[in-house]
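Asks: End of the sequence shown sits at 767 in the numbering used here; the numbers just go up one at a time, nothing left out.
Worth flagging that the hints you see were computed from the coordinates, not collected in a lab.
No experiment lies behind these values; they were computed from the predicted model shown.
We put the beta carbon where it would ideally sit given N, CA and C, even for glycine.
Incorrect hints may have been included.
As the list claims (entries may be wrong) - Label pairs and their in silico Cβ distance ranges:
hint, residue 1, residue 2, range
1, ARG657, HIS409, 27 to 37 Å
2, SER95, LYS574, 36 to 46 Å
3, GLU144, LYS56, 16 to 26 Å
4, GLY428, SER95, 37 to 47 Å
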Amino acid sequence: MKKVNYLLGLLAMFAALSFSSCSDDDNSGSGGSALVDDGTFTTSKLTGVVRDVNGKAINGATVENGTQVVTTDANGVFTFDKLTETKGRVVLKISKSGYNEIIRAMEVTDGARWDIVMLEEYSATTTSANFTAGTTATLKVNDEENSSIEAMKVELPDAYKNASTGATYTGNVTAKMTYLDPDAETFAEAMPGGDLAAVREDGSDAQLVSYGMVKVDLTGSNGEKLQLADGEEATVTFAIPTSLADKTPESIPLWSFNEKTGLWEEEGKATLQGDVYVGKVKHFSWWNLDWPESRAEINVTVKDTKGEVVPYTCVDVDGQRQIYTNKNGKATCFVPANTSFYVTIHSKDYANYTPEVKKEIAGLTAGTTKDIDIVLPAIPTISGKVTNKGTGSKIVTIYLKYDGKETAHILSDIFGKFTFKAPMNYTGTATIYAITSDGNRQSKQIEISDKDINVNFEFNTDSGAVGGGVITITSNEGDKATFAIPEIKATLSSGVTILDSLLTLTYVDFINEADNFKREMVQITISNYEKSKNTFSNARVMYRSEGGSFVEIWTEQATVTLKESKGLFTFTIKNADASFYSNEMNSGQQMYKMDAEIKAPLNFRGHSVIGATKSSNLLPSFAPYINNLKFDALVVDECNYLGKGGCAYYKDSTLTRSDYDALVTAATKSLGKPVYDSEVDDEDAYKDGSVETIFLKDKKFIFLQFDPDYRPRQRWYGDTYTVFDDDGKISVSAFENVTLELSDIINDDDNYWAKKRMMKSFANRRK
């Protein structure tokens with residue numbers, strides 16, 4: 001399937017880099033996520049781990065928050081250092097080919113960790129059916145523990161509609177059902193939402209007790225999303241979970257999941273019929289059979305028998321909620337009032353200890369808060385440090401094998417330091433392993449006793465990066481970590497771009513193979529650039545590396561010495577204060593000193609024009625215009641593959657699709673039939689009415705875009721009104737003497753849009 005390089009990647013990325021640096025919010029436009037439409041930005045940090053039901057890390061899963069998109073590394077880890085909140089809640093969408101998409105949403109505290117389990121598309125808790133509209137169908141799955149018990153059944157009607165257009169659908173239907181059993185060990189990790197927060201029909205808040213969840217996805221023969229036809233209903237039948245067999249009211253409300261807010265919303269009810277609950281639903285999203293209660297709150301403190309806090313440890317609340325202790329060993333969450341529950345830390349989450357500590361808590365009064373203390377046995381610690389004589393990273397995977405068992409895998413930090421608990425009630429020989437990102441493995445035998453153990457590793461590995469320069473971080477203790485940057489070439493996503501007084505160096509490298517994902521990025525932004533100067537203060541610098549590990553280095557106060565020679569720029573930074581974060585679960589953001597020397601070629605040089613018209617002659621003669629309507633322009637002064645030309649952004653919100661169609665007609669007269677039309681050539685084109693068309697002939701290029709959801713907003717960069725980060729309702733890009741080939745403009749990379757959103761999230765770092 002064809003995918004369009006968004007204005008050949010460069011100009012769209014450049015506009016975002018140029019102007020997001022001064023913005024306080026973001027417009028997702030036609031290409032952003034629709035998860036959050038009224039969110040506010042917060043500086044809270046969130047780390048998470050995405051796994052399958054067997055505990056295996058899922059590499060390369062896409063995690064979206066608002067318009068930000070990150071990808072899990074080889075250890076299933078993702079990190080957001082800033083978040084978009086909607087009504088005080090953070091909403092994430094997690095997707096990966098071969099797995100069911102999941103939405104998670106909770107109130108978040110800074111430094112929180114979420115554990116997320118993704119179900120495979122076809123597993124014991126999923127089923128599917130293919131049939132023709134006009135016939136009925138039934139989907140069902142049996143209990144995993146007792147296959148003779150029907151756990152979930154959905155009876156579908158015979159009439160459907162296109163979910164986007166509302167038109168009656170008459171073709172083939174594919175229905176896929178996913179059921180979540182509240183008695184399943186992974187229920188709290190796999191369910192949408194995550195905290196069972198809800199809104200009742202009267203608008204009041206509620207905290208739920210789940211009796212089971214179900215989702216049905218309906219698609220047509222061309223992949224279009226379907227819904228039940230107007231007036232039709234499906235019947236849902238839930239078995240009673242074993243854990244709730246003694247709590248069977250005559251009826252229980254049904255709740256549908258709002259993916260934008262991450263809240264369950266009351267919508268109907270199911271009645272008790274024998275040993276099952278039966279209800280009717282008029283549409284499909286996630287549905288939840290839940291008993292609502294008012295909220296109470298718990299504050300959990302976890303310490304060991306020596307009185308030392310136990311940080312970053314998973315606390316299970318009644319099998320329906322998971323919370324993690326912070327660095328002070330504390331965790332908090334809401335629970336349903338008037339409902340007894342338990343709080344425990346499972347053996348697998350604390351050095352395989354036994355017996356598990358499990359506290360039974362009587363139902364709490366609505367609006368009250370209860371403090372709960374959990375004391376775990378004191379266990380010896382295994383710690384150490386990894387050194388590397390080469391240019392490679394000191395971040396390695398560490399784990400232990402003993403007595404035929406294996407501990408969880410952890411990561412050393414940026415300086416190679418690591419620490420974890422020894423297995424409880426085991427003494428004797430064990431083997432500790434350290435594995436670098438390039439697969440270099442070392443192991444050492446150790447003797448586990450009742451004493452703490454220190455063990456160190458030394459590697460001599462290189463990053464393989466050459467030519468681009470290095471970034472070095474120094475801790476307060478004098479520890480150093482160096483990150484080598486590969487040679488930076490002028491490409492659609494890398495190089496030095498200059499617009500007016502704003503200079504941005506961007507390096508983006510993606511590797512996305514089955515078991516080898518890596519993303520490495522560098523950005524330096526100088527907001528007061530003048531060609532005659534060579535020293536600039538308050539520059540913004542960011543380095544990020546993902547793939548087997550996560551590292552982020554960030555500063556907004558660097559002093560940069562800049563030299564330009566024959567189109568090659570050299571950036572030198574010395575002793576800048578910078579914040580650092582890595583994805584080791586027990587490392588938070590800290591301040592370090594940063595030194596760097598990075599070399600990169602000129603990619604693009606241009607200038608902006610506000611309120612231009614056709615008579616300004618900014619675009620080539622074959623470019624189409626909208627009458628003599630004013631536009632804001634980006635004009636290319638220097639670029640080795642775009643030639644001469646620029647981009648016109650029409651900001652008039654009254655423009656319509658007919659205005660866009662007139663531009664397409666004019667461009668067709670100039671350059672003939674388009675080489676790409678998103679409505680014709682891309683089955684995954686935007687469903688909101690956005691459209692893109694490309695013309696390419698005799699080194700002449702026209703790119704047209706229409707965004708029906710465009711909303712003009714004023715943005716300021718210093719004292720200059722800027723115009724490009726939200727493009728326009730209609731955009732016209734035209735260039736002549738273009739050296740790009742058609743394959744550079746249209747490609748078949750299935751991961752392109754994920755990459756595009758990643759680049760946007762990288763560009764949209766806020767002050």
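Asks: Name the hints, by number, that the structure is in violation of.
Replies: 1
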